[in-house]
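Student: All chains, please: the whole structure from these sequences, using the hints.
Residue 522 in numbering that gives the first Met the number 0 sits at position 523 of the sequence shown; the count goes up by one each step and never skips.
Only true hints are included.
Listed below are the simulated DSSO-like cross-link pairs for lysine-lysine, each with C-alpha atoms no more than 27 Å apart in a straight line:
(1) 148 / 324
(2) 350 / 324
(3) 358 / 324
It should be emphasised that the hints constitute simulated quantities derived from the structure, not laboratory data.
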Amino acid sequence: MLPSSPEPLRNALNRLTFGARDVDMQIVNAQGLAYWLNDQFNVPTGDDPDLAAFIAGQTMHIEYAAPAPTDMRGTWSAVNEERPLNYLTAPTQVLFTVARLTGSTYSGTERNRIRQELLAATWIRNTHSRYQLREFMADFWHNHFNIGKNENDIATALLPLYDREAIRPYVFGDFRAMLEANATSPSMLIYLDNWVSTATTPNENYAREIMELHTLGGGNYLGVDLNSAPHTFGTDGVRSGFTDQDIVQASRALSGWTIKYGQRFNNITQPLTGEFTYSAAQHNTRAGALLGIDVSGLTADMAQGRRFLDMIAYHPGTATFVVTKLCRRIFGDSPPQAAIDRGVAAWLANKTAPDQIRKVIEAIALGGPEIYSGDRAKLRRPYERLIALARTTNTVVNASTTMTTVLDGMNDGLFAWPAPNGRPDVNEYWLATGANLTTWNLLLQFPAWVTNRTTLLDQTPIDGLVSALPLVEYWVGRLVGFALAAPTMTALVADQGGSQGVLAAVRAGMTTTAQINRIETALRRLVSMIATTEEFSYR
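Tutor: What follows is the structure in structure tokens.
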């Protein structure tokens with residue numbers, strides 16, 4: 000008999016992972032959530048050995064023709080091969096060169112391959128990594144520091160570097176360090192135009208977005224000048240909000256933070272590698288009062304920009320803005336204020352600690368009862384539903400080019416949201432009829448993807464099966480953890496007892512390959528239908 004409501008520990012795990020599995024539940028039931036969290040925080044530098052070996056063994060097909068003899072620009076050779084995911088670990092210069100020379104030395108298909116590999120690895124990690132909390136937080140931070148795929152082809156091509164150097168090492172760490180890793184990431188520098196910032200034309204685009212989207216939040220924008228809104232000053236002298244003048248000053252402080260793209264200043268020519276560099280010749284020295292602090296006296300390389308990052312990383316407004324976003328990701332559109340308050344307090348109390356973000360998550364998850372209780376109010380976006388289905392059915396997800404575009408039409412493709420604000424993290428956006436219909440169809444198709452591997456028959460207790468009820472209850476228990484609404488359960492039981500159901504397939508026999516395939520097909524249909532239910536849609 001299934002419980003009528005979700006177990007508290009399953010609530011907690013679903014809120015912190017891409018889908019709680021039975022094996023995860025066994026761990027937290029035996030050891031508690033604090034034990035599980037401690038294990039999740041103690042991550043290796045990269046993937047765990049088993050996952051790393053699995054990804055290293057992955058291949059995807061790539062094929063393109065050589066340019067026509069009449070095309071004087073292209074010089075590449077034809078390619079038709081199964082290739083490992085080599086771009087995942089490629090250095091900056093390789094990624095930059097492929098993107099920069101696309102159309103001459105490299106085919107556009109080669110450049111697109113870079114994003115395909117990163118997407119494939121992300122699907123695999125989100126599904127199979129034992130360090131689910133790291134995957135959950137990497138997804139959160141990528142959306143927070145979003146880099147859209149359509150703005151600049153070079154920025155998109157550098158995303159594997161961004162993922163492995165500016166996001167993943169910091170998911171539980173020091174926000175100030177993460178902020179600088181982002182500010183010096185070639186992908187972010189190109190995406191928000193700071194790479195072309197010079198002494199005469201400082202770039203205000205990044206200066207605005209780093210305050211409005213990455214740190215203080217739009218709610219702390221005071222307007223054109225200090226006459227636009229009331230403001231206060233903290234004990235460190237930093238103003239409570241920012242104005243257009245602060246954006247100008249910040250653009251000056253961050254000028255010269257660029258990449259090596261062959262530019263020439265003061266008789267110095269940078270190489271064409273795409274790597275981060277500080278170019279003193281491109282730095283505007285006229286930065287003055289910034290958020291109430293005079294930075295004009297800071298003359299060492301990058302000193303003004305780093306002082307600015309200190310101000311915004313340690314700002315109370317940043318703590319409130321980012322922690323509220325994190326709690327919305329965990330709990331839903333109206334996160335519990337008590338959890339937000341604990342998270343903000345932990346953020347500020349540990350603002351210079353190397354494990355600051357870990358402390359914040361612990362305060363949110365372990366400091367009160369909210370993680371276990373309350374309504375399941377957070378809607379899984381389409382991508383999350385597919386990954387949750389894979390996890391709860393022990394489906395092995397292999398690399399596939401299908402992953403590149405299958406969700407882009409719903410604006411849920413990884414690294415696909417075009418604007419720097421990141422995809423919406425509110426239920427309303429994902430409840431559109433078209434999006435839901437497309438998601439349901441994808442859930443029905445997902446188990447049959449040729450690159451996915453699962454054998455549900457081996458996982459299903461069918462010995463002595465005389466009724467469809469225990470079969471439905473078993474898989475509802477695996478995927479959801481509690482009984483679905485009575486009409487839904489009744490409909491599923493009736494369906495599984497009918498001609499297309501598992502019961503009829505089992506009664507037809509299990510002696511031939513065709514009979515076994517019929518049972519497997521019926522089971523995949525069952526789990527896909529459960530995945531389309533309202534109960535599975537929320538975590």
